[in-house]
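In case you want the letters, here they are:
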Amino acid sequence: MQAFIYPVVTAIVIALIAALMLALAAKFMSVPVNETQVKIREQLPGANCGACGFAGCDDYAAALAEEGSTVKTNLCVPGADAAAAAIASILGQDAMDVIEQVANVRCSGLCDSTKPEMDYQGIKTCAAAKSMFGGPGSCKFGCIGFGDCERACPYGAIEVCNGLAKVNREICVGCGICAATCPQKIIDIIPDVKRVFVACSSADKGAVTNKLCSAGCIGCKLCEKACKFDAIHVEDNHAKIDIEKCKNCGLCAKACPKKVIHVYPKPNVKPMVKVG
Amino acid sequence: MGFSKHLNGVHVNHSKNTAGLPIIPMPAPEKVYIPMSQHIGAPCTPVVKVGDAVKTGQIIGDSDARTSAPIHSSVSGTVEAITQGMTQAGKIDTIVVIKSDGKRELADTVVPPEINSFEEFVAAVRASGVVGLGGAGFPMGTKFNIKPGTVEYLIINGAECEPYITVDHAAMLEFTRDIIDGIRATMKWLQIPKCYIGIEGNKPDAIAKFNELLKGDESIKVHELRQIYPQGAERVIIYETTGRIVSYGMIPWNAGCIVANVTSMLKMSHYLKTGLPLVSKYITVDGDIVVHPQNVLVPIGTPIADVIDFCGGLKEEPGKIILGGPMMGRATPSDEYSVCKSNSAILCFSKAFSNQRKETACINCGRCVAACPMSLMPARISRAFKDKDVEALKELDVLYCMDCGSCAYVCPARKPLNFEFRQAKAMVMEASKK
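Chain order of the listed sequences is Y and W.
If you use the numbering used here, the first sequence corresponds to residues 1 to 276, in order.
If you use the numbering used here, the second sequence corresponds to residues 1 to 434, in order.
Just chain Y, with the same shape it has in the complex (with noise of 0.2 Å):
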């Protein structure tokens, strides 16, 4: 019995003045937690895309969390109104609407209507390729179609195919990270809600354009003319959409000839085609 008690008795001696220590170290160096950050962390989704300005979904939780704060509570994309919703009851203020921003590629080369310039055998990512003589394809403009982009997507949503980036609006959140990744800056982030768009980016002359690819915009100035909101402009030899302006109307897309302006059809709108 003896032999039990001295080693237990020690234990129990150690184990008190350690819970002493950590006790006081508890309450003289505690760093103040602000309760509130951390709900609002909950509420974010986590994926550190950045979409919201901050450098991560901590540094925004800390952001909105500080006294007499005026970040706005509907930066989180990913998160969507769902958390906006959730951070703003936090905070007691009314709740806003995120503005949903999606990714889109200002180009439609696909590798059926440009040719390619050369046999480029170097490096396959568009940075590399851009560096030599602005890219293997004909168009110094457009995709290059190696897809930094692709591997830059943390969702998933943008993938190479036929030589030219593709977005997946149902999947993309508009982070924007493919923006600053892409060496040509041709990927534009645009609210969710506009559908017309404009899928050519080349500055080269119209007469030079079509000879260069089957799907350019050759400034012929036709969108100009069928806007009825002013919406639509041609500036650097290619048309441009005034998003501010664009009513989603699509008679531009109608009388492009090369049906370079594109129209995405509306949300949970009924397919047109039965299937089976």
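Hints in this document: simulated from the structure, not taken from any laboratory.
Note that this is a predicted model, so its numbers are computed, not measured.
Backbone N, C-alpha and C define an ideal beta-carbon position, used for all residues, glycine too.
Don't take each hint at face value.
[Stated by the list, open to error] Chain W is faced by these chain Y residues, among others (derived, beta-carbon under 8 Å):
#, residue
1, 38
2, 42
3, 45
4, 123
5, 127
6, 133
7, 134
[What the hints assert, rightly or not] Restraint ranges, calculated between C-beta atoms of paired labels, are given here:
#, chain 1, residue 1, chain 2, residue 2, range
8, Y, 32, W, 370, 48 to 58 Å
9, W, 244, Y, 190, 54 to 64 Å
10, Y, 259, W, 412, 42 to 52 Å
With chain Y's structure known, arrange chain W on it following the hints.
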């Protein structure tokens, strides 16, 4: 830089097929396409208008910037167009198109310059339009615009370490006296006490000729360089001749040296004697599919296709056309681009010869480390580049890389190492800007 007395390098196949051949002047082509940016620094703005009559040696582009060199018409004729277009440097640039009348008449401005002071000498060098003709394209006028007496060594780069190219060799044999006169003028006006002429050991006839003409002159010495690539790189030749080290961020002037290519010196010397600016360039045309490989004197702005035609054309469809040497030159996607000041070779290779072998995984053999003249660790830099690790890239001194391609040449896994480092350098530069 290690314990060895010499810097690392690789033994490349010299392939100097055109060695010993004379330089053949090429007649003026039908049209010349002269880009307005053929040097490092500010691009020139055209000073002629469409329809103007121009003569050989007349200034057609100039700039007020400190780092720039004027551009002269290489033929006589009329300016047909001034357009924007892609040049052989891979950039979009203003191009002056001149239709030649075939006479190549000299302009009235072509008279020997009068030089009585240092300022006049620098102005004359700038007016000659000479840039670093070895490939760098740094304007000579800017390089020489220093305080006289601050430089200890003038180093003339006649290494020509790149395979195939033999124009510097041919120029050294043909115009030895002119080169020496240019060196003496530079040494006189810049007050440089000593000069080294670095020539690689595979050109014994050039070394002998210089030694013969320089007998009794102690200030100019011929330095025989080892036959190893890249002896002609600026930092390497400074180290090999003077033992001085030029680190990153320094220019040779900080180490008391000025390096000039031997052809640049020759063209400058020609300008001082005759007043004819840089309007034509010595070019080696070689490669396994060229019918008559030879050294040609080409008017600047001549389309590559015309130069190849002058050499008898090609035996078959080319797989690769390289402007410059095979180690550091750039492959060009089209033969429509024109020859510019910093080109020294046009190499045409067949598809079978130029086919790249497939890249395999790195086996950590360390041959790239043994080959790097700057004692970097290419394999580790490559890994850091794959990880996009800017901090590691900085630590591994990727900015010291001078793109000589020795690592990629020896790599048994055929990794495009120096191409990766070019991207890595851009990445580091961009990160440091933020």
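Outcome of the hint check:
no. : hint                      : in the structure
1   : 38                        : 31 Å, violated
2   : 42                        : 31 Å, violated
3   : 45                        : 24 Å, violated
4   : 123                       : 6 Å, holds
5   : 127                       : 6 Å, holds
6   : 133                       : 4 Å, holds
7   : 134                       : 7 Å, holds
8   : 32/Y x 370/W: 48 to 58 Å  : 57 Å, holds
9   : 244/W x 190/Y: 54 to 64 Å : 57 Å, holds
10  : 259/Y x 412/W: 42 to 52 Å : 50 Å, holds
In summary, the structure is inconsistent with hints 1, 2 and 3 from the numbered list given earlier, while agreeing with the others.
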